[in-house]
Amino acid sequence: MRARVLVRPKAGILDPQGQAVERALPALGFTGVSNVHVGRLIELDVEDPAQLPQMCEALLANPLIEDYEIVADGPS
Amino acid sequence: MTAFSPSRKHRALGLTDSEYELIVELLGREPNDVELAMLSLMWSEHCAYKHSRKLLRRLPTTGPHVLLGPGENAGAVDVGGGLAVAFKVESHNHPSAVEPFQGAATGVGGILRDVFAVGARPIAVLDSLRFGEPITSDRSRYLLERAVAGIGHYGNSIGVPTVGGEIYFEQSYEQNCLINAMCLGLAPRERLIRSAAAGPGNVVVLLGALTGRDGIGGASVLASAELGDGDEAKRPSVQIGDPFSEKKLMECCLELLDRDLLVSLQDLGAAGLTSAASEMASKGGVGLDIDVSGVPLREPGMEPFEIMVSESQERMLCVVEPERVGDVVEVCGRWETLATQIGSVIDGELVRVLDNGSAVAELPVSVLVDDCPLYDIAPEPPAKPVYASPPAALAGTESPAELLLALLSSPNICSRRPVFEQYDPVVQSRTVRRPQEADAAVLQLPGGSAIAVSIDGNGRRVACDPRAGAAEAVYECAANLACVGAEPLGLTNCLNFGNPEKPHVAWQLTEAVEGLARACEELGIPIVGGNVSLYNEAPNGPIFPTPVVGIVGSLPDAARAGRSGFASSGDAIALVGPFEPSLTGSELAKLRGVSPTGPLPAIDPTAVRAAHDAVREGIRTAVFHSAHDISEGGVAVALAECCIAGGVGATVQLPEGIDPFAEAPGRAFVVSGPPSALAGFTVIGEVGGDALEIAGQLKLAVSAMREGYDGVLAEVL
Amino acid sequence: MKFGVVRFPGSCDDVDALRAAELVGEAELLWHADRDLHGVDAVIVPGGFSYGDYLRAGAIARFAPVMESVAEFAREGGLVLGICNGFQVLCEARLLPGALLPNVSLRFVFRQVELAVARAEGPFTGACEPGERLSIPVKHTTGRFYAPDDQLDALDASGQVLLRYAPGHNPNGSLRDIAGICNEQGNVLGLMPHPEHAVDPLTGSIDGLKIFASMRVHLDDRVLAF
Chain A
690 MRARVLVRPK
700 AGILDPQGQA
710 VERALPALGF
720 TGVSNVHVGR
730 LIELDVEDPA
740 QLPQMCEALL
750 ANPLIEDYEI
760 VADGPS
Chain B
3 MTAFSPSRKH
13 RALGLTDSEY
23 ELIVELLGRE
33 PNDVELAMLS
43 LMWSEHCAYK
53 HSRKLLRRLP
63 TTGPHVLLGP
73 GENAGAVDVG
83 GGLAVAFKVE
93 SHNHPSAVEP
103 FQGAATGVGG
113 ILRDVFAVGA
123 RPIAVLDSLR
133 FGEPITSDRS
143 RYLLERAVAG
153 IGHYGNSIGV
163 PTVGGEIYFE
173 QSYEQNCLIN
183 AMCLGLAPRE
193 RLIRSAAAGP
203 GNVVVLLGAL
213 TGRDGIGGAS
223 VLASAELGDG
233 DEAKRPSVQI
243 GDPFSEKKLM
253 ECCLELLDRD
263 LLVSLQDLGA
273 AGLTSAASEM
283 ASKGGVGLDI
293 DVSGVPLREP
303 GMEPFEIMVS
313 ESQERMLCVV
323 EPERVGDVVE
333 VCGRWETLAT
343 QIGSVIDGEL
353 VRVLDNGSAV
363 AELPVSVLVD
373 DCPLYDIAPE
383 PPAKPVYASP
393 PAALAGTESP
403 AELLLALLSS
413 PNICSRRPVF
423 EQYDPVVQSR
433 TVRRPQEADA
443 AVLQLPGGSA
453 IAVSIDGNGR
463 RVACDPRAGA
473 AEAVYECAAN
483 LACVGAEPLG
493 LTNCLNFGNP
503 EKPHVAWQLT
513 EAVEGLARAC
523 EELGIPIVGG
533 NVSLYNEAPN
543 GPIFPTPVVG
553 IVGSLPDAAR
563 AGRSGFASSG
573 DAIALVGPFE
583 PSLTGSELAK
593 LRGVSPTGPL
603 PAIDPTAVRA
613 AHDAVREGIR
623 TAVFHSAHDI
633 SEGGVAVALA
643 ECCIAGGVGA
653 TVQLPEGIDP
663 FAEAPGRAFV
673 VSGPPSALAG
683 FTVIGEVGGD
693 ALEIAGQLKL
703 AVSAMREGYD
713 GVLAEVL
Chain C
45 MKFGVVRFPG
55 SCDDVDALRA
65 AELVGEAELL
75 WHADRDLHGV
85 DAVIVPGGFS
95 YGDYLRAGAI
105 ARFAPVMESV
115 AEFAREGGLV
125 LGICNGFQVL
135 CEARLLPGAL
145 LPNVSLRFVF
155 RQVELAVARA
165 EGPFTGACEP
175 GERLSIPVKH
185 TTGRFYAPDD
195 QLDALDASGQ
205 VLLRYAPGHN
215 PNGSLRDIAG
225 ICNEQGNVLG
235 LMPHPEHAVD
245 PLTGSIDGLK
255 IFASMRVHLD
265 DRVLAF
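Chains as they are written, first to last, in the working numbering: chain A, 690 to 765; chain B, 3 to 719; chain C, 45 to 270.
Extracted from the complex, chain A is given alone in its bound form:
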């Protein structure tokens, strides 16, 4: 199966990358932007999607500081 894992900083954790983007956008004339967070996208083909949560907990995300979301994209 083709899957996407979205990893983002946990709510409330200082996210300097998100802040930098949030500061940069108004400087380019884009106003009305808030709550910017920068995370990672991991795309993978996986034979057993049931293992994805374990993969996230063990390696793909650091549960202490990051949330993850698994998105199934259908057959690979």
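Everything labelled a hint here was simulated from the structure, so no lab data went into it.
Note that CB positions come from ideal geometry on N, CA and C, so glycine has one too.
One or more hints might be untrue.
[As the list claims (entries may be wrong)] Pairwise CB distance ranges, derived in the manner of DEER restraints:
1) B:G449 x C:V261: 47 to 53 Å
2) C:E116 x B:G713: 51 to 57 Å
3) B:P541 x C:P245: 26 to 32 Å
4) B:G82 x A:V725: 53 to 59 Å
5) A:E746 x B:A706: 27 to 33 Å
6) B:G73 x A:F719: 50 to 56 Å
7) C:E66 x B:T64: 38 to 44 Å
Dock chains B and C against chain A, hints included.
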């Protein structure tokens, strides 16, 4: 490609009609597409130096310490104790103007490979950077920030310290930033290895990363044409650097050499496999077979010509005796580095490219490497000034104190700390003098001795007077070494110029090479390698002519390496050297809006050499507690920098007739030491207090000077 | 006594750590793919960019075969010192609490910083004086120590914070100025500053030597106690 007639195709690849005709004549036939792609790169300015090679013959290249000279991947000098230091500076200007982070990063990656290709472990990197004005130009700030980040990304990740460098900001670099990276490597003398292929029947092995479509045509598209609009479209051919792959490749190559498993080694840089194979064959007087079907690819469906010219990073080519291939593969496996047999050394003088055994290109080595026409350039001094006057930043009514503060906070003079803090200067535990602690970086060697290195080149002064300005770069670099107690052993240079087909640029280049050659002869410093970057030109004109020189020297006792900052209150301060400065080409002249023209003050080689000797000796014997050369901003800025670095003030009286802001780089020094020890020199004052006072001129608190000096780059970065 | 210094692909300060350890004892490199710790008395997980620091700093290195043995060694009370990237690896491996996040500046920072010794006892700081200042360089992009508030309180209460950045010296935005913490048992220390780059008067300070000397003294005492 089939849509074009042959005559159109070679033009698209950057070859002139007459060059193409010469190729047909030399081959006795039309080249096929693979051959044309290979030749267009080998005959590009970047690879063939066709507009500079004749001039470069003027440069002195021999000396008692030289172990490897120009033509190898890097030059090398003997530093004693059975050790050699290999070093080279190289430009990555055009790629960095397109994508500064990757351009600068791969610039560092490329120069590191040049150094470990001769068997030396990279131990230090320095960078010489040029951008447009940072305060007024968003683009310049962007290029500065991303290039510095890219240099740090690569150097820090691979564990090679960045120990020094220099940055200048001038309007003329607005469109063409300069990114020159220098690397030094250390090796036991006997482990230095050359790139000449040898031994027909030996195996050609490709090491390192997968080959993709990176930088296809990069050398000819990016390095041999002026930049104009539409740079965005060139982005796909930018190379991406992976310092992690290179770290493994480096450790792998050094282990292969430690175990004596290689016949020769060559890095893959511009023009990729084509250039590496041609150079190895040419130097060894042999032929090579390369079968592209064996090259591990990152993208499917790559054509033979793409594989031959790909500039994918982090790859090396080596020649191995057949019975040692197994050992090579084993070592590479441990370092997670791919090692693939892709060809063999053959008798004769052909580079043959095969695809699954059938030949797709067959070119004589000489046609690839030697037969590109070398062009005479037509130098002509410019009839009118080449460069516009900079905007005046001063009203003309400032007091000397205000002038000194303006200079200390000008982008060309202010503290580089916000940049250096992004680089690791200490990894490998050799760094005795970090950036801004002394005029040159100092690295300790086993046994207590040390080497010193500096990189210098003030383009504005070369624009004023190309011959004298280029000579000054050599003198200033040598002066920086003297300040830490080091004796120069060898020099590398990177010549960054505009379009040499324009007569005034040709004149700048010719004059600068003459100035470099003479200064090297006068100081007895051989040039062991270098690089030329031409066509650094935007629609509004060329960059300042910018020869950048890096000198490596040695000192007997690392513990006595000099510092630039004043050391103790009560020390006397003296001027050493023939110092007759002028405001021509000075930083103050720039702030006043004066255009960069006019002859620079002459150099008296004998007197300057004596001054360098005196400073070097004073530092080595610990008679001097500090030494700093007088360059941008004149003696006032030099004194201010000594105060800021030492955290202490000074009171001085300048000799009659010396403008405190006038410049004469490379000739004179501010030194400090016990009064009794400085008796033979021109004593001008004393260290002490918390302010710098120049009698009759100015008095400024050290804290006030530091504030201006520290602030500027931190604000723009 | 013998130190073992782990070498991952991408380790950069491994040889520096080896030389620093050799100033107080014997030392050898431990290859990442080798589970055998060669009978060393203490393990150093050095700085650098193990596995390129791809994904997250330290995230891949923790799965190296040698790390299984290091984790077991730590559980049995063996001394483990993680420096910079090594600290990141030990946090990822859950041998230390908390996590290291990108610096507030988002940039790599090299700086000679002052550390205050928060706790001058135990295997890593026993040779220091309480409150002593140590001048040691930092160099990292991902060194901002983070843990949830309650965990920070617990670390403070249990005396697990051994080193803090002195006032005005926090280079990365670490919570509570934390520069180095140990585990509950006190036998695993992680710190962002590089003590191995502060062991030679020629190249800077020699304050980092106190960390290695403390380890040596602790191990010698342990031997004497038997």
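How the hints compare with the structure:
no. : hint                        : verdict
1   : B:G449 x C:V261: 47 to 53 Å : violated (31 Å)
2   : C:E116 x B:G713: 51 to 57 Å : holds (52 Å)
3   : B:P541 x C:P245: 26 to 32 Å : violated (55 Å)
4   : B:G82 x A:V725: 53 to 59 Å  : holds (57 Å)
5   : A:E746 x B:A706: 27 to 33 Å : violated (56 Å)
6   : B:G73 x A:F719: 50 to 56 Å  : holds (53 Å)
7   : C:E66 x B:T64: 38 to 44 Å   : holds (41 Å)
Checked against the numbered hints above, the structure violates hints 1, 3 and 5; every other hint is satisfied.
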